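Given chain E, work out where chain Y with the ligands should sit, using these hints.
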Amino acid sequence: MNETSFFDGLIGVASSYAGEIDFLILVVLVSVGVWFIAAEVVFFWLILKFRAKPGEKAQYIDGKDKRHKRWVTRPHFAVLAFDIAIIVISFQVWHHVKIDLPDNPDSELRIIGQQWAWTFQHPGADNVLDTDDDIFTVDDLHVEVGKTYLFRLEATDVLHSFSVPVWRIKQDAIPGRSITGWFQPTEAGAFEVQCAEICGFGHGVMRAEVHVETTGEHTAWMVTNAPAAVANLEVLNNG
Amino acid sequence: MAELATVPVPPPHAGEEDHAHHGPQGWLKYLWSTDHKVIAMQYMFTGMFMAIVGGFMAYVFRMQLAFPGFEVPGFGMVSPGEYNALVTNHGTIMIFWVAMPVLLAAFGNYLIPLMIGADDMVFPKINRLSFQVFFVSTVVILASLFVEGGGFAGAWTAYPPLSASAEYNLTDLGSTLWLVGVGLEFVAFLLGGINFITTLMNSRAPGMRAFDVPVVVWMIVIASILFMLSVGPLLAGAIMLLFDQTIGTGFFDPAAGGDPILWQHLFWFFGHPEVYVVLLPAMGFVAEIMTTFARKKLFAYKTVIFTVVATGVLSFFVWAHHQFIAGIDPRMANIFTITTLLISVPIAELCFVYIATLYGGSITLNTPMLWALAFIAEFLIGGVTGIFLGAAGATIYFHDTYFVLAHFHYTFFPIAIIGTFAAFTYWFPKMFGRMMDDRLGKIHFWGTIIPFNFIFIPLFVLGMGGQHRRIYNYEHFTELAGPGFQNMRVLATVALLVMLLFQLVFFYNCFKSWRSGKRASSNPWRANSLEWTTESPPPHGNWRPDKMPVVYRGPYEYSVPDRDDDHWPQNAPN
Ligand code: HEM
Ligand SMILES: [Cu+2]
Ligand SMILES: [Cu+2]
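Listed in order, the protein sequences are those of chains E and Y. When we follow the working numbering, the leftmost residue of the first sequence carries the number 48, and every step to the right adds one. When we follow the working numbering, the leftmost residue of the second sequence carries the number 281, and every step to the right adds one.
One should not assume that every hint holds.
As the list claims (entries may be wrong) - To be clear about the criterion: a stretch of chain E counts as covered by chain Y if any three or more of its residues have a C-beta under 8 Å from a C-beta of chain Y, and this derived list gives those stretches:
no.	segment
1	108-115
2	205-219
3	223-232
Claimed, not checked - Below 20 Å or equal to it, Euclidean Cα-Cα: the simulated DMTMM-like pairs (lysine to aspartate or glutamate) are:
no.	chain 1	residue 1	chain 2	residue 2
4	E	113	E	147
5	E	111	Y	492
6	Y	582	E	109
7	E	111	Y	837
Note that these hints are calculated values from the structure, not bench results. Given the structure is predicted, the values throughout are model-derived calculations rather than measurements. By construction, the Cβ of each residue, glycine as well, lies at the ideal position given by its N, Cα and C atoms.
The following block holds chain E by itself, in its conformation from the complex (with noise of 0.2 Å):
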């Protein structure tokens, strides 16, 4: 799937999948298009037709011959068409970006949600999550382009969302679960985190940024924060 989007202009196109979702969008778009357009341009046209004029009097259609009523019943045969034509690339979507997991991600990660910002939990040198060397940051994800990830996606109070529009990416994090996710970003660079789901107060400032880094950045960003990753969590924290 190539990456020009429709969307371009509004939203930039930066991981794996984001493209895919674009496409499905389109077909929806093209598809209910035509619709719309048909059912509109029929409407109006109705309406500019059948003005009341005098001494005319309207038409008696009980729309029960069958004559009649095809022009009601073929349509919605193709409504029907189209729907399932969009329920089967939906599928395939869906499936590639929610349930099959990529079986040899590069790295994991874990992200927790709370009121009201995000902690990251990275693997570390060692790559390995939950290990001594893991680095924690508040409101900073920070992974390399092209890698696969895989993350577990917590909370610690209320719902949040977790949500880089960017990567086209949304899942709702709920406290007591742990929901498992993937991604892969395609793009260097900066992007925003927002949280989708209102989570009290701070909902509209829970934003974060991922730092999309090539691996030499990434390597570099490991050393630097890895020996005082317990020391930066307590400052951020309280910061």
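Relative to chain E, chain Y with the ligands alone:
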């Protein structure tokens, strides 16, 4: 109904005085009346008042979004907490205190007895109780806005754990009152629903068969059935949530072994059918108005009824499309994608039937007809944009963005605002005995419809640009703070201001027409259904005792060949 016998025959054109002949006197009669028409007006005016409240909230938060950091005239600075409370209560009020009371309760109460030829509802006292409970619920929800900590701010969907604990939502009393208010509102509509269904079943005029009943009555009754079937689990859920809030249970608290997602199921199991609960009455109004002003028989009456029933049944199997990314098993999304897209088939069918009804008509574009036609034209946008959100794959991106917001306003606004204006302007002569000014009506129409689109089309674009809902200030987000996006926010807000300004024309028109409009005959639109066979406004008991209607045919016999007259009232023997 036994009351009827005790009503002396009142003098003609004395509608307002009729109630005085029994029951309480003075203004109290309006509070304690059991007349369905009075109760309808109570619901109507309460609903309209609440529309002003909900509209004011929209004004405040739209101003904040367009001009963040400035004082909103008439309100002041908007804090993040206040913003959330405004959004929450705007949504809650618009759905539960505007759409429901006006579409379902006001017009249901007014129209059902009059359109089926009954002198009143079968349980007038339950009907009165329904309004009284509703009135209390209104007081409770309004009071909740002014208690310490402010109104509830956890969104109209009230997802726990946020809604369950003051520690998280910081609105201790506000959230409890909100919940109590909503719960009472449900009770009011359960009481009302019993009445609607029983009345349709038992009180039809002699000769009126099931398929002689006007579509709008069917729609309102089917809507009541949907409501009553879906609200039970949520009412139970609301009580559980109330316990979580107040006495420390943990039904929705994961730390205590509860499950927050359970609430979402209960909420949306009700919440989705609720969309059809408010949609159906509006579709009903449009059917009546379109047939009258196109002088046409409704295209395929029975198809409409059966399609609506099918939609109603299907609507119980789509709820989890609101939860695709909420943490339910992702495989479930497949099932709900299928059911959700399937429901587009009967809805499309209904739209096609309505459009087909225009074919061969003799269309008069007066104010009620313009509203009815605008309903179709605008609702189509809401309908087709729903397909994006039914497809789980696309919802990964669109969920909780302004795309969703614009989508559901393109359904709710046509339903609650356009549908109401259609019905109100159409039945105004019957309700108040006066004609409305058509020119002012049209000014108000265009002054509402055009800005409406200018409010919500920019919001679709913002949603596609990745702007999420319920965020009080987008300046904090570099990707969203650009001038292009901000201009769209300003455009939407300015359009809202224009729209609100034009509502003054409506109020002026109502007042002027009510005071000095042309007197309405009993049947100014030359329509067929029974409410037009009695005086405008109808007396207590609806018809003079010796004039109770008898029905000979269906309500849509317009332009019947070989008849001179282009309408054929249901009660005319030949
Ligand atoms: C008068 C014109 C209206 C305008 C300008 C308007 C605008 C808005 C906006 C901008 C929001 C979202 C705010 C946010 O998420 O930050 C909103 C939310 C909402 N509106 Fe409206 N609205 C209008 C009328 C209505 C009507 C008639 C209904 C329903 C009958 C309605 C139902 C809702 C609901 C359910 C929400 C969601 C509340 C929540 O997020 O908890 N609105 N409205
Ligand atoms: Cu949040
Ligand atoms: Cu739904």
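Could you work out which earlier hints the structure fails to respect and list their numbers in ascending sequence? 4
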